[in-house]
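Protein chains: 2
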Amino acid sequence: MNYSIGMDIGGTNVVCGLVNADGKLLHKIKQPTESSKGSSYVFDKIGRMIEELLVKSGIEKSQVSVIGAGTPGFIDPIKGITLFAGNLRWTQVHTAEEISRRTGLPVYIDNDVRMYVYGEALCGAARGYEHVLGITIGTGLAASMINNGQLYYGSGYMAGELGHILMPEITYRCGCGMTGCLETAVSGTGIARQAREQMENGRASIMHDWLNGRSLEALTAADVSKAFDAGDPLAVEVLNHTGMLLGKGLASAVTLYSPDIIVIGGGGALAGERLLAPMREQLKQSVYSGYWDRLTIRTAEMLDDAGIVGSAMAAGERLSSTGTQIHQQP
Amino acid sequence: MNYSIGMDIGGTNVVCGLVNADGKLLHKIKQPTESSKGSSYVFDKIGRMIEELLVKSGIEKSQVSVIGAGTPGFIDPIKGITLFAGNLRWTQVHTAEEISRRTGLPVYIDNDVRMYVYGEALCGAARGYEHVLGITIGTGLAASMINNGQLYYGSGYMAGELGHILMPEITYRCGCGMTGCLETAVSGTGIARQAREQMENGRASIMHDWLNGRSLEALTAADVSKAFDAGDPLAVEVLNHTGMLLGKGLASAVTLYSPDIIVIGGGGALAGERLLAPMREQLKQSVYSGYWDRLTIRTAEMLDDAGIVGSAMAAGERLSSTGTQIHQQP
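Which chain is which? The protein sequence lines are S and X, in order. Here UniProt numbering is used: the first residue of the first sequence is 1, the next is one more, and so on. Here UniProt numbering is used: the first residue of the second sequence is 1, the next is one more, and so on.
Simulated from the structure, these hints should not be mistaken for laboratory data. Among the clues, some could well be false.
Stated by the list, open to error - Here are some chain S residues the structure puts well away from chain X; computed CB gaps all over 12 Å: (1) 22; (2) 25; (3) 65; (4) 97; (5) 147; (6) 148; (7) 204; (8) 210; (9) 213; (10) 248; (11) 253; (12) 278; (13) 301.
Unchecked claim - Okay, the calculated beta carbon distance ranges per label pair: (14) X:24 x S:38: 29 to 35 Å; (15) S:168 x X:47: 24 to 30 Å; (16) S:128 x X:226: 51 to 57 Å; (17) S:216 x X:198: 34 to 40 Å.
Built from N, CA and C at the ideal position, the CB exists for glycine as well.
With the hints as constraints, model all of the structure from the sequences given.
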C-alpha cells in the first residue's frame, strides 16, 4: 500500500501516473481523451490505462491505496462529482464513482488547477512554504491558494477565480457573462488577441510576415514571445501591458490572501521574464511593502507532472484523514 | 470553568466582559484606556478591571478558564505579542504575558477586527454560515475571513487587508505609503474627507450651514449621512461613490475568497442603506453570477459586543485545541 495513482483528465489528453509515498512520479502513460465519445468511453479507457500502468510498473493493484484525479471546471470534491467541465462536455458526472467502479480502488477528484498547485506546493517550486498562491496561465487564468498546507476552497469550492477579477483597463467580454475579466487579456488567448486586434487595425509588426498569408486568427501567444525576442515594438507593448495587468490582479490577491510565495505555471509561464518582469514591477508598486518584503515569486518546476503528483498526494492525504472521509468505495 | 473573559483594548476604551459557554455576554465594564500613560499602566488597570468584573458578576476566578483580548494593529497570536498598534503607541508589547501575569489566567490575543468578525460569525449576523467575510468600516477599512469555521491568517497573520486594495478612482495618499488605497475613501475618515474637499472647492452643501463657523475639519461621516437624509446632492454623491468603491473592492474579495455571507460592521455601517444600496448594485455587476447567487449580505448585529464575545470564544477554542496550544501561563 505504498503507492498512489494520480491522473490529469484534460480536454485533450488523459495522463495517469504511479506516485510513491515521497511524491516521486515513477511511471506515467498518456492517451487522447476523446471526450466526444462520451464519458463512459473515457472511463472505460481510464480503467484500461490503469491496468496498463500497473503492468508497466511491475506493481500489484494491492500495493496501490488510492487514485486521485484532477478534472477541469467546477468540481464537488466531497461528492466526487464533476459539476461542469466545458472542454470535456461533462455536466454532473460522477467521476469518482465511475473510476472507482472500473478499478476497485477508492477515488478522490478535484479541480485540475488546485491539484497542479498542490503538487507544486508539496513537491515543486513551493516545497517548504506554508502559504502558497499558485496560478496557471493557459487558455484562461486560474489560481488556487494553500493556507497552512490546506487547500482553500471557499463556498461552493469556488474560491480563487483570479481570472474573473475585473480590470478597468480591459474591455473584452468574457465567457462568464462579465466584461473586463482579467483572463480575457492575461492568458495565452488574451495575449494573442491583444496583438491580433492591433494588427487588424493596421499596426505594423514582424508577425505579419510570419503569417505567410494565413489568417490573423492563427496567431498564438508563442508568436508574440518570439516577436518580443526579435524586438518587435507591438509584441513588447503587449507583453508589458499583460504583465502590468497580471501584477495589478496579483496585488489584490496578495493583499487578501497574504501568501509566502507565488508559483506561476501553465503554458503562459513559458513567456518567462518577458511577462514576469513587468508583472513584478507592477506588483511591487501595488502592495503594502510588508507583503512584498516577505514574498517569493517562482515559476513552476514540475510542468505537466504537477497535477499528477498533486492529485495522487491529495488523494493519499484524504484517505488517511478521518476528517474528510470522502472516498468512493466500489 | 464555564466562563471566559473577552476584552477589547482600543485606542479610546478598554472593555472587559464575562461570557458563558454559549457565547452570551453576561456582564461588562468599560474604562478609558489612557494609553499615553504607558502599557504597564494599562495592564495594571486591566488587572483591576477583571477583579471588578468578577466581583460584580458574583463569579469566582476558578470558574473562569481563559481570557481572550483583541487589540488593534499587527498581532502575533501564537506568541501573544502586539507587534505594532499605532493608536495604542505599542510596539512589540507582550500583551498576553502581561495580562496573564496580572490575572493568573491563560491569555490569548488577536487582532480586534478578527475577533469582531469571529464574534459575529459565531453568535451574530453570520451564525450558521461556514464561509464568512466580515468587514468593519471605521477610521479605516478592515476585513477578516473565516473559512470552514477557521480564521484565515495568511503569512505573517496579514491576510484580509481589504482597505489596502488599490482603486484607480482614488487619488488619496494612504498612511501605508501607497496612493489609492480603498480605505482612504471607504471609511468614516474618507467619507468626511470627500465631502470636505468638495466644499473647500466651493461646492454648495447644506453642511456649510451646520458648521456654524467651525472649520471644515470638524465635518464627520455622520454629518454626511444626515445631509443625505436632507437630500443634499453632495452628500448623496459622496455616499453613492463610496458605496460603488466598496462594491468594487468587495467584488475582488468575493471572487478570491468565495464567502457565503458578508457581514458589515463598524461605525460606518451606521450609514446603512445610504452606503449599502450602491455597494450592492456595484457588487452584483462586478462578480460572476455564481458568486452573487449564493451570497448573503447583512449588517453586524452585536455592535460593540462582537469583539468581546469573539475574543472570549476564540480563546476558549484555542485553550481546548491541542493543535494550537499557545496560551501563556503565569
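- [ ] Determine which of the earlier numbered hints do not hold for this structure and return their numbers in increasing order.
- [x] 5, 6, 10, 11, 14, 15 and 17
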